[in-house]
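Novice: For the sequence shown, the residue numbers in the working numbering are -3 to 194.
One or more of the hints may lead you astray.
Stated by the list, open to error - Distance condition first, Cα-Cα at most 25 Å in a straight line; then the derived DSS-like pairs of lysine-lysine:
#	residue 1	residue 2
1	Lys121	Lys111
2	Lys19	Lys93
3	Lys93	Lys111
4	Lys146	Lys121
5	Lys135	Lys111
6	Lys111	Lys146
7	Lys111	Lys21
8	Lys121	Lys135
9	Lys82	Lys121
10	Lys93	Lys121
11	Lys135	Lys194
12	Lys93	Lys194
13	Lys101	Lys19
14	Lys101	Lys135
15	Lys111	Lys19
16	Lys111	Lys26
17	Lys93	Lys21
18	Lys111	Lys101
19	Lys19	Lys135
20	Lys26	Lys121
21	Lys101	Lys146
22	Lys156	Lys82
23	Lys82	Lys93
24	Lys156	Lys21
25	Lys26	Lys135
26	Lys101	Lys156
27	Lys194	Lys82
28	Lys21	Lys101
Source of the hints: derived by calculation from the structure; they are not laboratory data.
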Amino acid sequence: MLALACVVAALLTSCDARLSREKRKELEAKSHNNTWLLFSERHTYHLLYRSNENDSFYGGNAPCVHIAFQRCYPGGLETWNQLFFKREEKYDLYTEKYIWTHMEKFRTSFADYDKVTFEYHLPEKYGEEDFLLLFTDYKTCFTLERLADKVRQVWMIDTKNETGINATCHSAYEGVFKEKGDSGENTRYYIYNETICK
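From just these sequences and the hints, can you work out the full model?
Specialist: If you want it as structure tokens, here you go:
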């Protein structure tokens, strides 16, 4: 029983042994843009919606895109993850792929690592994309913006229930219009489909 408790405790802790649970909470309270604090925890991330309808790295318009943490390498500020998505035309067949995430500083005025590079290793495609972390509460959701074309994404953390996520993730997604003084709303292409993703 003690061995099982130790295994469970290890799975629930951060992969970065340099950060105690208390120190991590302290840092999370100070910043909502730290990619290392977000991606070095053992989580599963479900893509809720994005601002482009079709994305080749995520199976085109396939639903049920999620990323599962596998391992991290604190010295290099990178993690290794599995990427899954479900293609409707292939019924229940999940396609498995891998993503390396690399954390960097994008805005020099920030003390935190606010940029993440996704390095995709897919059977049919390889490539990299840079994202800016706009907001995360580290518990329920995060919002990314792809630097190349300003496409935005909202992801859920360890949940499949949209109603339970922090409302600021939605606000950060819409922020592009506030910055430009536009009163319109950013289009939301919902990727997570509760019926298909059971």
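Novice: Against the earlier hints, flag every one the structure doesn't satisfy and list their numbers going up.
Specialist: 2, 8, 17, 20, 26
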